[in-house]
Structures are given as structure tokens and as C-alpha cells.
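Trainee: Residues per chain, in single letters:
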Amino acid sequence: MIPRENLIRDKGSIYLIQMIYIEVFAYLRKNLESLEVLENKLREMGNRIGKSIYIYYKPRKFSLIKMLRDVIHVATGVKNFKIKTVKKSNKIEITIIYNQCPLCVSEVEEKGVHYCIPTMAILEEYLKLAINDGKLKGFKSVEGKVIKSVSSGDDHCEYFYKLIKSD
Amino acid sequence: MVRVIREKVGFKQKLLSSIGKRLMFRKQKKISKLLINLSYREIIRLLIEVDGSLEKALNTVFELSSHAGHDFLMEWVEEGSVIFSNFVGDHALWIKAGYYSFTGDNIKYIKYFPPEKEGDPHRVIWRIDKCFLCSGMNYDDSFKIEKKDLEKYGYGIPIAGIFQTTVNMINEYVGIKFEGKVRETKCMLKGDPYGEFVAEFYPKKED
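Residue numbers (the working numbering), protein chains in the order written: chain H, 1 to 167; chain A, 1001 to 1207.
Do not take every clue at face value.
[Stated by the list, open to error] For lysine to any residue, the following SDA-like pairs were computed, each having C-alpha atoms within a straight-line distance of at most 25 Å:
no., chain 1, residue 1, chain 2, residue 2
1, A, 1177, A, 1005
2, A, 1029, H, 108
3, H, 51, A, 1139
4, H, 51, A, 1116
5, A, 1108, A, 1194
6, A, 1111, A, 1006
7, H, 111, A, 1049
8, A, 1152, H, 1
9, A, 1130, H, 97
10, H, 11, A, 1138
11, H, 30, A, 1051
12, A, 1144, H, 1
13, H, 137, H, 60
14, H, 51, A, 1137
15, H, 137, H, 57
16, A, 1008, A, 1110
17, A, 1130, H, 74
18, H, 145, H, 166
19, A, 1205, A, 1116
20, H, 58, H, 97
21, H, 11, A, 1105
22, H, 140, H, 90
23, H, 30, H, 60
No lab work stands behind these hints: they were computed from the structure.
Let's have the full structure, built from the sequences with the hints guiding it.
Mentor: Have a look at this one:
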């Protein structure tokens, strides 16, 4: 069996996961008791993926933006994205824009819960672990949320992260 | 427009298939297989929470993937139609091309077996020696899988579901009067030396 680390630089069609996720999302929406439960489950899903990515692809760059670029590009394989930052006295706000995230498909128009919460939550967890691990110095916590999602009818996916600086 | 479908694929179609599958893979948007592997693990974990067991979750994945990606697969079928024929055994070539188009991996073993006796299906059997879905699951402390949980379905069951959809789309497109059923018969997580899938083709009953 191939070790998981070997999958990092190996690429597969984005459709392999989109085709299944679109059906699974609809199934979960139908079978979970509420949208709130679904949203929490999707966040946990992304956080667990982020945790595993951290195991197999430890941060190689130790500045915030370079680390984000590196992990998005190498470990997830996504190429078209932009990162914007706003520095404030006690925090840094980061916006990441994907032309298309790995989960969203424009054919879906999902209302009520953002379809690509897992994509956002992957980086949220990755940054959290990098902070706790001392790889990302000067911060104490991170929190992310989905601002825009192709599957909610937007023309791109946009995630917002707030990183609170250490005292 | 009337489509003329050849009886059987020849050298030219095999060559086109070999080139075409590479071009199709190249032009697609791609992500790391690590992300595919981990996303699939989490999908299974969520389905276990909803359905109650791994076996039920894998059954759900099979059902869902058997209906998945119709638009995308139809596009693939239309683009791949230059290598189609009326011969059911040529599914071996199309499955091989399709698998590469999605994954970038070559299937090294794939064979067509005609029916041995009346009533037997036509079969195409293929094996994969590196499975990006199973990868890492044998030492994943966050998700323990027992061999007994994989008695009915293997962990690579969505591949069976997606190919079941694809072979039937091709059958319909070219007018082959067979119904395809795809099963995963070997899985590396069960301890088998490779993953194995069988596509069985049964004559469609006339109305």
C-alpha cells in the first residue's frame, strides 16, 4: 500500500471528490437533524483533514503568508487563489479567494449552509496547529469563516481568517 | 446526425485512446491525491455517524456514486466517443482510458472474459496495485478499520459506483444492449495484494 506522504505531490482530477461530495452533501442535508448540525459536521470534517495534512506536510515556511501559499499549493494542489491581508494592532485578518475551491460546483445553488465549509476549515486547523506547535510565532488563536461560496451562487469562494496576536 | 459506430476497436482507436486519455487528464483541474484520500476518509466517517456502521456507509457511498457526476461523465463519454464500438468486450479499453483520465494512473492488468456458458455475463476484470483511497488507512489511528467490516464492500467502492454509471452511459450512447454491474472484488485493506473490480454485462431484457 502506498504511504500517504507519497500522495502529496500526486494529482488526481478534482471531479473525483466533487462527484461524490455533491451527492453526500445532499444525503447529509436530508438525514441530519438540522442545518446547524450539518454545518458543525462539515467544519469538523475540514478540521480533521487539516489535522492530517499537518501530520503529512509540516510547515516549511514560517511566515504566515508564505506558509499559507505553500500548504495550499503543495498539500492541497489548488493553483488559482489569492491571499489578502489586513494588519491591525492585535490581529491579522486574512482573506483567501479561490476561483474554484476543491468542493464547489457551479451547478449547485445551496442555500442555508455554505457548501465549502470543509475547505475553509482545513486551513483553520492547519494554522491552529502551526500556532500551537510554535511554527507560527506571535499568534495565539485563529478563527475562520466562509464569506462567499460558488455553490451558494457567488462567482468565487472566499474565506476569512482572524488571527489574534499573542499578548 | 446519424452516428456510425464501428463493430470493434482497432489499432487506430487504441492509439487514440492512449493519447486521448493523457490529454484529458492533462486538461483537467487537479488537486492532490492526499486531499482526495483524506476527504474520502471524512465522508465515510460522516456516513458512519448517519448510517450506523462502515458496511452501511460503504453501501450508501456505492448508491450515491452510482448516480454521481452525470453531466461530467456525459461530457467524458461524448469526448471519448471516437474510440467506441458495438463490442461489449471493448469496455476493457474504455475503462482503462477512463481510469487514467480521472486519476493519471495506469491500469496494468485489465482483461475481457467472454461468457463461458449460456447465461453467464460478459466480464471485464481490472486490478490496481496502488489505491489512493486505501492509502494510509492501515495505520490511521483516527479511523480503525477491521477486515470483518469489509466483507460485503471494499473501501474503494466509489470507483465501482462511478464506473457502473460510466459503462451504462457508454452502452446507451453506442446502443449496446447490455446492462453493466460493477463490483469491487478485492481490496488491499482486506489484505488482498491488489484492488480488483469486475464489470459484468448482462443482456438487457426486451420490453
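Trainee: Which hint numbers doesn't this structure obey?
Mentor: Per hint list: 4, 9 and 23 violated.
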